[in-house]
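Keeping their order, the protein sequence lines are chains G and V. Under the UniProt record's numbering, the first residue of the first sequence is numbered 1, with each subsequent residue one higher. Under the UniProt record's numbering, the first residue of the second sequence is numbered 1, with each subsequent residue one higher.
Hints should not be assumed to be uniformly reliable.
Partial list, derived from the structure: chain G residues whose beta carbon lies under 7 angstroms from chain V [said to hold, decoys possible]: (1) 3; (2) 6; (3) 31; (4) 49; (5) 51; (6) 55; (7) 98; (8) 99; (9) 137.
Bear in mind the hints are in silico, worked out from the structure with no lab data behind them. Just so you know, even glycine gets a beta-carbon here, dropped at the ideal spot from N, CA and C.
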Amino acid sequence: MYAFDIERPATIADAIAAMKGEDAQALGGGQTLIPTLKQRLAMPSKLVSLSGIEEMRGICREDEGRICIGASTTHTEVAAGVEGYAALASLAANIGDPAVRNRGTIGGSLANNDPSACYPAAALGSGATVVTDRREIAADDFFDGLFGTALEEDEIIIEVRFPVPEKAGYIKFEQPASRFALVGVFVAKFADGVRVAVTGASEEGVFRWSEAEAVLSSNFAADALDGVALPGSGMISDLHGSGDYRAHLVGVLTRRAVSAA
Amino acid sequence: MSQVTMTVNGKAASGEIEGRTLLVDFLRETLNLTGTHVGCDTSQCGACVVHVNGKAIKACTMFAAEAEGAEVKTIEGMANADGSLGTIQQAFQDHHGLQCGFCTPGMVMSAAALLQDNPKPSEAEIRDYLEGNLCRCTGYHNIIKAILAASGQDADAIAAE
Numbered sequence: 001m002y003a004f005d006i007e008r009p010a011t012i013a014d015a016i017a018a019m020k021g022e023d024a025q026a027l028g029g030g031q032t033l034i035p036t037l038k039q040r041l042a043m044p045s046k047l048v049s050l051s052g053i054e055e056m057r058g059i060c061r062e063d064e065g066r067i068c069i070g071a072s073t074t075h076t077e078v079a080a081g082v083e084g085y086a087a088l089a090s091l092a093a094n095i096g097d098p099a100v101r102n103r104g105t106i107g108g109s110l111a112n113n114d115p116s117a118c119y120p121a122a123a124l125g126s127g128a129t130v131v132t133d134r135r136e137i138a139a140d141d142f143f144d145g146l147f148g149t150a151l152e153e154d155e156i157i158i159e160v161r162f163p164v165p166e167k168a169g170y171i172k173f174e175q176p177a178s179r180f181a182l183v184g185v186f187v188a189k190f191a192d193g194v195r196v197a198v199t200g201a202s203e204e205g206v207f208r209w210s211e212a213e214a215v216l217s218s219n220f221a222a223d224a225l226d227g228v229a230l231p232g233s234g235m236i237s238d239l240h241g242s243g244d245y246r247a248h249l250v251g252v253l254t255r256r257a258v259s260a261a
Numbered sequence: 001m002s003q004v005t006m007t008v009n010g011k012a013a014s015g016e017i018e019g020r021t022l023l024v025d026f027l028r029e030t031l032n033l034t035g036t037h038v039g040c041d042t043s044q045c046g047a048c049v050v051h052v053n054g055k056a057i058k059a060c061t062m063f064a065a066e067a068e069g070a071e072v073k074t075i076e077g078m079a080n081a082d083g084s085l086g087t088i089q090q091a092f093q094d095h096h097g098l099q100c101g102f103c104t105p106g107m108v109m110s111a112a113a114l115l116q117d118n119p120k121p122s123e124a125e126i127r128d129y130l131e132g133n134l135c136r137c138t139g140y141h142n143i144i145k146a147i148l149a150a151s152g153q154d155a156d157a158i159a160a161e
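So here's chain G without its partners, still in its complex pose:
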């Protein structure tokens, strides 16, 4: 790793101030950022560790019924602490391995937007709202291609708010070495329609599969997807699977997610 300073603010206000410096980089749980630094793929002059900010940890329900999760809440805490949204708790319980889940955070995962990460599918599939130090961003506007988000350089995620669907399911096909999703599909049925978010598959990162959403909104059943398929073009092709294979998996996993919901 290149040398850098590390700051551990105790409050959101101090974290915002610390991020004003040149080349400052927010550090969530570090489960992606630290390996990235070891490979010298990033060269921040300063890391601002968000793990010691108590007001950014924890889970609650707001008046509108949405589940609000502080950005520095770990996957372990989400898995154990989210009530009334089993698909979200189960998604968190199956990220990485137990030691990774004890450090990794929801804010870190969303800000990183790894194209194979689980949380982007949950946020997009739920129509969540990302609350930052300066604004609220709808999940539909938040994700912007591989590792890209709407966040500005010095912007910090404070909280994520999830509307709770009537039914939801998340199924991922794990890449066995990395345990990331080779493909993962999050399906959520709300009173006004169904959302389907796919991670791991597209060269553009997490996306909504609108064709599947349309048919599932009129009939929320796995066989409603008969005849509905994604083309392999635009899908990630690598040594783990071709684009056509990933496109096929999206269809299979969407059916399974609907059945599991």
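For this one, chain G is given, so just place chain V on it according to the hints.
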């Protein structure tokens, strides 16, 4: 350089660190607690698992600065007060849960974290919990047996090999 202070295996510990100093390097190089191993250095293998505030974490993927004020427990803290092997360690010996022993510190620390949350885990739960701990010698069966035995369960109840 800056100063970091934490509690390691019940004793106050402090030392000089850089921003980029990993917790595992602080434990091994500053405190000379070399029982915590660095296997892959990419958070895959779990040889560096220690407990921070009671939670199993990979010490190669956490900065020492982030452990300021924390309670850290390493494999050196797992023996009994008289120096004899702790329950989990003894079970690993009794059931031949190690060959080369390189992964063992991480295996024992993960097992301890599991049993803390789930005192009587099933074989499937043990296998699932050890997802982030790699052993290249034993094929895992004897490790699972050791953890079953350490939790007071029948180690021979493990599924056929």
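Hint check results:
1. 3: Given a least distance of 6 angstroms, the restraint on residue 3/G holds.
2. 6: 4 angstroms, holds
3. 31: Since chain V brings a Cβ to about 6 angstroms from residue 31/G, closer than 7 angstroms, the hint holds.
4. 49: Interface hint status for residue 49/G: holds (6 angstroms vs cutoff 7 angstroms).
5. 51: Hint on residue 51/G: holds, closest Cβ of chain V at ~6 angstroms, below 7 angstroms.
6. 55: 18 angstroms, violated
7. 98: 6 angstroms, holds
8. 99: 5 angstroms, holds
9. 137: 27 angstroms, violated
Violated hints, in rising order: 6, 9; the structure is consistent with all others.
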